[in-house]
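Peer 1: Here are the chains, one letter per residue:
There are 2 protein chains.
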Amino acid sequence: MKRVINNRKPLILVTNDDGYQAKGIVSLIEAMRELGDVVVFAPELHQSGMSSAISTSQPLRSRIYRQEEGLTAYMCTGTPVDCVKLALNKFMDRKPDLLVSGINHGSNAGISVIYSGTMGAAIEGCIFDVPSFGVSLCEYAHDADFTHACKVALRVAKTILDKGLPKGICLNVNVPQGETKGIKITSQTHGKWVNEYFQSTDGNGRDVFWITGNFENWEEDNENTDEWALANGYAAVVPVRIDMTAHDLIPELKKWEF
Amino acid sequence: MKRVINNRKPLILVTNDDGYQAKGIVSLIEAMRELGDVVVFAPELHQSGMSSAISTSQPLRSRIYRQEEGLTAYMCTGTPVDCVKLALNKFMDRKPDLLVSGINHGSNAGISVIYSGTMGAAIEGCIFDVPSFGVSLCEYAHDADFTHACKVALRVAKTILDKGLPKGICLNVNVPQGETKGIKITSQTHGKWVNEYFQSTDGNGRDVFWITGNFENWEEDNENTDEWALANGYAAVVPVRIDMTAHDLIPELKKWEF
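Chains as they are written, first to last, in my numbering: chain A, 1 to 258; chain B, 1 to 258.
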């Protein structure tokens, strides 16, 4: 699985879903510059909850907003996945050695991996066979302290640059607030969001529904889950497979008379 | 896995990503009415390629556009996943016995399961523990003939109403054009989209990038894949697991020194 970097510095693609101005990506860019040359391709606007969405009816535009030795940073009008696709199809002259998406303002543990634009971007990198991970801090504040999350991101990045990742696998990394006790390899906690809407009215008295809710953890006591790790002060690393096929179920389904 | 329907008619939630006016969902609604009471909760606008995206900064609105014996149909301003969430949180007085999303205008085989709003809705139903499947016809035309796709959807729906589905599993059903030779249980074809952008300019001469591309199949000769089934005249059914954890990789990753 080891990736040969030759004599070149590693080339690292950085993106996110909170937009290019978010503190999380600004912090992540500086951290990744310690490891290699960085290309940023980040959404112009906030793209939280965009999952693996792509722009099918609107064209994309992009422009450079920052350029200096070892760093070229673009913003793009699309979703996180649009950013990764456009960067890799049109703007990068070689495949990056690593893609890092984040640092997200807020957790993407548990079922949130499905809705996360941060993880959408990491999954897209993985589809392109680029070793990829998403990293999220369990704090939503725009001025959150990303010091410890950057340290975790650096450790994960160094490990991946050294060892690579198996084909079709990316990592979902979540970091608790404050100092971390260490890094745990975990599974995606089973559970779902509940009480998901706050019902209100607009200025004309018409019903509107705002998303909200709480995560209902179905595995509270399972020490092998990402939610358990985070609740106990550890960063959680979940290996995510992009082939969603339930291969083990195919023999059983073949017996069904469809 | 068998789902007890008691003496009630099955309650079926229908949604899609092409919007409530698309011929695919209009055809699907009529097919599903043969099996039970139908509630439709479909996007007001085209939502192709929206994956599992949710609206995080805009409120949702919905209204009934059709109501008659055994059918209540709502349109909603959000994404396919927003539709499913809002229907199940706020508009349905009991959990449906089945969710069907589609019939999509165009294939969602292979890696497209990741980007598909049709499958985003089916995955969301599965998160709510509702037996769910997405169904897509391999033809993009707005006036495509959905006769055979409806027959396949009915067969799959009847089987699921009879047998249920294992927890955490939904189905991705793709149907070729014309008569089908039968239904094959398959895996998600490994491959990716390539040459994904058409570069053009806007009216002011500025660069814009439109999504396009071709699916590059990495398993051309694998008869167990959905793309093989479709190319050979069969409908393809892939069991999709919503837990994306690569459980088999966890012991190996635990040995790495992060």
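Possibly wrong hints are sitting among the right ones.
[Said to hold, decoys possible] Residues from chain A that face chain B, not an exhaustive set, calculated with beta carbons under 8 angstroms:
#1 Pro10
#2 His46
#3 Leu60
#4 Val238
#5 Pro239
#6 Leu249
[Claimed, not checked] Subject to a maximum C-alpha distance of 25 angstroms in a straight line, what follows is the list of computed DSS-like cross-link-like pairs (lysine-lysine):
#7 A:Lys90 / B:Lys192
#8 A:Lys9 / A:Lys181
#9 B:Lys192 / A:Lys163
Quick caveat, the hints were computed from the structure, so don't treat them as lab data.
None of these values were measured; they are calculated from a predicted model.
Using N, Cα and C, we set each Cβ at its ideal position, and we do this for glycine too.
Peer 1: None of the hints should be skipped; say for each whether it holds.
Peer 2: A quick look at each hint next to the structure:
1. Pro10: 17 angstroms, violated
2. His46: The hint holds - A:His46 has a Cβ within 8 angstroms of chain B, the shortest such distance being about 7 angstroms.
3. Leu60: 4 angstroms, holds
4. Val238: 6 angstroms, holds
5. Pro239: A:Pro239 check passes; min Cβ-Cβ to chain B is 4 angstroms, inside 8 angstroms.
6. Leu249: 5 angstroms, holds
7. A:Lys90 / B:Lys192: 16 angstroms, holds
8. A:Lys9 / A:Lys181: Distance ~31 angstroms between A:Lys9 and A:Lys181 Cα, so the pair is violated.
9. B:Lys192 / A:Lys163: 24 angstroms, holds
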